[in-house]
Amino acid sequence: MRRFSWFNATSLTIGFAFLYLPMVLLVIYSFNESRLVTVWAGFSTKWYGELLRDEAFLDAAWVTLKVGVFSSTLATLLGTMAAYVLVRAGRFHGRTLFSGMIYAPLVMPEVITGLSLLLLFIGIGLDRGVFTIVLAHTTFSMCYVSVVVSSRLTSFDRSLEEAALDLGCSPFEAFRLVTLPIIAPAVISGWLLAFTLSLDDLVIASFTTGPSATTLPIKIFSAVRLGVSPQINALSTILIGIVTVGVITASVITKRAAVAQARDEQAAARTE
Amino acid sequence: MAQTVFAPWTDTDQKPLIEFRNVTKSFGDFTAIDNLSLKIYEREFFALLGPSGCGKTTMMRMLAGFESVTSGSILLGGQDISDVPPNKRPVNMMFQSYALFPHLSVWDNIAFGLRRESRDKAFVEERVEEMLRLTRLSKFARRKPHQISGGQRQRVALARSLAKAPKLLLLDEPLGALDRKLREETQFELMDIQEKTGTTFVIVTHDQEEAMTVASRIAVMDEGRLVQVDTPDVIYEAPNSVYVADFIGDVNLIEGKARVRPDEPAPAPAPEAPAVDETPAPAPQPAEPATPVVTDARLPAPNARGEWLYQKVFARLLGHRESAPRQLPPPSPEELAAAHKAPPPPPPPAPVAPAEPAIKPGGIFIDWAEGQPPIIAANGDPDTDGKPVTLSIRPEKVTIDLDKPQRPNVLPGKVIDIAYLGNISTYHVELRSGLMIKAQMVNARRLSNRHITWEDEVWIGFTETAGVVLEE
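Protein sequence lines, in the order shown, are assigned to chains A and B. Going by this note's numbering, the letters in the first sequence line up with residues 1165 to 1436, in that order. Going by this note's numbering, the letters in the second sequence line up with residues 10 to 481, in that order.
In isolation and in its complexed conformation, chain B is listed as follows (with noise of 0.2 Å):
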């Protein structure tokens, strides 16, 4: 519950702890970390998730002061730290190889940092023992790394590295080398010695799951970039692309054509919905007045095609991709306030048109394939009409029924595959068009649902807010 009330970076007045500004890094011709800024605030746990190359360990490295930066700077507590050696740096750092020292006990590896800075020798005792309990080694002090078991270890490093109490601690996949179950114990422990000693933890994970465990922030990454940086949730929810969508977790993703949607399906809630529609639209624009001013100049003049055409084509020519600047304003907001307060918008029309189920005005309209209804997508913003979208739908919000269901969403599919996890089960339908959509249903609750089974025809629903459109 801490992390709903822990939200330095919503609060413009505080300042932040690490800020890259401007961090361009390359490797002879390979850029790792193309022109990327970052804040990261005191007591955060920040994850920096991505798959391997894409630039995650080198952000941690240019932490540590083992890589230079090429270009832009590196800031912790307002000091550019940038030409500042590791060695001078109140960083430390937890080895992914753990690195601990094999000629020295345990007791002398915690202790090594604080004899650097030679403090007297009954502070270095006591801050030891104290890391010793944290962690709980006591029992294991005398003994040399290759004594002691792997969990062991990975504390020994962790006790090292926090040994010298420093701003920062920087974690390169520090569970990596565990096993599954001891990976999961630790990751709360992490969380519970990073709340007990108040530091601000960095970790570089390119476990999924892993991050959405312990950080109360995520940066996903990919090629050098930041795709989208957010709490796990609105990462989970709300991913502002389809990389990030198909990253974290696992996903159904749709491709059609936007078309907006009328704002009221009856005439009499007219001056209801409008506001309700028009509220998402104009609000970006005094916020963030770049994005949209191009959307809309560009938006009445070419037809779909001209669009297509520019999306694919020019659009990278000209470098003025989509989702570079619309990285993160635009979707979280909007998204957010879309996620967190469905349930108050469909009760105004609900009383207004009882007969039907109330399904929410506005949004667009998806046609996704030749002859199958439109996808309805009350969320999805009405600006992308005529332009080609995902919708991206997590296979837990797609329900799965023998007879047709009053959703807003109904489409036809036979199952192809069902896989039982035991707590869930997952069932792989093919749709008409051959697309492939992957429902979950908790087997708890549904087992009326257990009597589905291969080859049955089956209909597939989800709600007009389940998910989330995608531009690309």
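Next comes chain A alone, as it looks inside the complex (with noise of 0.2 Å):
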């Protein structure tokens, strides 16, 4: 076995160099003393501690935070409706557009979807802030959602929902009761992916916020044109750190269920 020859070694390497050699140096520069960013100075917290006592990043932090939570619970809701309706009402004429219709923001150019949405809110006279962000967020995450919660419900036994029925069950007892618990894990990454869709939208934010409200991509990219910081970099760091313990852990939880369920279902059919 010559799992590492020379030639696997090397294209491994260079493969994850070129993904990962430029997150490195972000964090390792956010330890850096100096102020400069590109000359080390040796180690150093003290840009954490300088973050977390500037006001203006806080803030951001907490608007980007708010958004994310309500942005991505509104187009949870709307986006597992849309694909729950889709799904269901089974073949109408002009089916193949209303599902197109929905998938199309996904390709959308962000800045036309931007605009359009700046043009409206300009049009209805709503003021730009929290609110707005959160319902530009709405618009294009729902269809990610809607995306991840109608492939789950494709291979969803309808008949599932039909004993339900059978048993007693009112249409919005059986979903409540038997469809929603288990299309709730697809449910729920739609709300993560949503959620971090927020999270690092810089250009729809951009045009529909306001005086008031300051996203965190927001912030660092204004920030970043009057020169780069190491607080900018410690605040990378922390993102960073958060996106990749969220995505250890559900992957550790997803690949403990499925291992724990072969399992029974082996020993199922020894007992047989």
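Derived from the structure by calculation, the hints contain no laboratory data. We put the beta carbon where it would ideally sit given N, CA and C, even for glycine. Each hint should be verified, as a subset may be incorrect.
[Claimed, not checked] Dumping the calculated DMTMM-like pairs for lysine to aspartate or glutamate here, alpha-carbon to alpha-carbon at most 25 Å:
1. B:Lys-153 <-> A:Asp-1291
2. B:Lys-176 <-> A:Glu-1326
3. B:Lys-148 <-> A:Glu-1429
4. B:Lys-148 <-> A:Asp-1428
5. B:Lys-153 <-> A:Glu-1337
[Stated by the list, open to error] To be clear about the criterion: a stretch of chain B counts as covered by chain A if any three or more of its residues have a C-beta under 8 Å from a C-beta of chain A, and this derived list gives those stretches:
6. 111 to 122
7. 156 to 164
Reconstruct the complex from the two isolated chains, following the hints.
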């Protein structure tokens, strides 16, 4: 077994370097003593401390969190409803058009989405702020949720719902007691996806935001235009940390559940 | 033995539990159920049998409330339930896929329906425990559906659908996912549970053996119509059409033309023989005036060719197919009488003509091939004179011998193939006309027949009442 031949080792190194070198650099420089980003002057965590004392950054973080939670919750609600209707309605005239229209925002340039939303908000005289960003994020992340949920619903055994009806559930009870618990993982991952999208959106947020609400990406972007500061590096490192922990936790949970299920099924087959 | 006593469908005073009244169901242009009427009685184990796409599943889904009725009505206990949603019907269903809720334990699955009725907790617990005992699942109550085997899942599904003590339980191909051995065990278990609970069961299946095993009555369906509704033995012994004969079990079909057979082989039993022969003919007339009148009015006019033309061409255009009006009534009482009272009639002619082996008089000859003696079918309807008919005869009623036997019908042929199944052997015999006939022998009794082998010239034989004459 020559698993680690020279060729394999080299291509692996180059590949990972390509993916992660920029982030590693960013993380390293966030611990830089010097104010100059590109000059290493010793290890320090002072920029993290400074970050926590910076009111503007904390405000932006708070706004981002609010926007993310509200918009992804709203998007999950609407996206799940859209997915449910589209999967359940069966065939009707214009079905392809309908589902196409739901998925269209996936490929729509963000600039156009942002611009059109801006025009709408100005048109109806809505003051721009947190509320408008929430609405804007909901519109574009909703289609991602509906894609995730509808792919789960297509493989959902319809007879489970019929069984619930047959056993005396009203249609709403059947959805609440049977359908929702079963598709819950897809709904949750839809919510996480929407939250992530909201977290890192810059373009649409900057179109629809007002002077009162600045999200983290906007803050970072405008700060970088004045020059990269170690504070930004520290902030980015924190974000990377959060995302990494989240992804690893999610995959470990999924993996454990799959292993447990496989073991149970084998055990069940043996007791036959 | 309970089945012979239990026959509410013969009692005209008995109120049906379920009644389909001229039910039609269409999906767009496609008619799944075509003007169908049917009565199912309390405590019955009723099987809907047919190939896929015959409408049996649609009928079950209409009973459960998952499909609406295009026209006509469905009555449950005398009440029209056509517009009642599934959650308001006293009907429960066991799904083909079992449809167990994967996120709930076995216990919670069974309790699911009971909790919807918001009854008190103690009652729910007691009822669930009872169901667990009935289906021998107490050990697995806390497991999730993916932690138990296929056979156990099947029993959970049954327990869940029985928990609410429905008036009617629907079973959609309940044993399709089980392997053969487990399926046979489960069939008996189902019958046992049905008897214990006294629930009316309606089962949908495409497996004719399963239907024959479990059901008190079987409805054979084809293209949205009921072809025959009867007890398993009648369906098997006296099918009313080539379709039913061919669908249920193995069968030989011999096509030919009917020719009325003289009532008596000997002149002596003249007063007796007509009496025997006359009884079946006038009997249906008062009971069922419509069909015989039509037949009688038409019978003398056209010759054989005209009749054939009518049958093949005009009958279809005019929508007056023979099989439609005579679906149920004419064959069943007659054939039943013929099948069940077969032994009594032969004795009377026997003493009169002791020299010959007693062949029941009357019926028809079937001319089935050029230069071959006609087949005697004493149970054939003389009214079919001149019409094309099909004789349907089960392989186990056909004997096979090396020497010409003394039987009412004997035909020479050659053994082409032998299928040895252990308990029985099936011989494929090619007759001189090229027709292939299957003959079945029980190996225990007929060890002597084992010497019959491929390419042997043999005689196949059957009695004058062994087959069923079918018009098409």
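Check the structure against each numbered hint from earlier and tell me which ones fail, lowest number first.
Violated hint (a single one): 1; every other hint is consistent with the structure.
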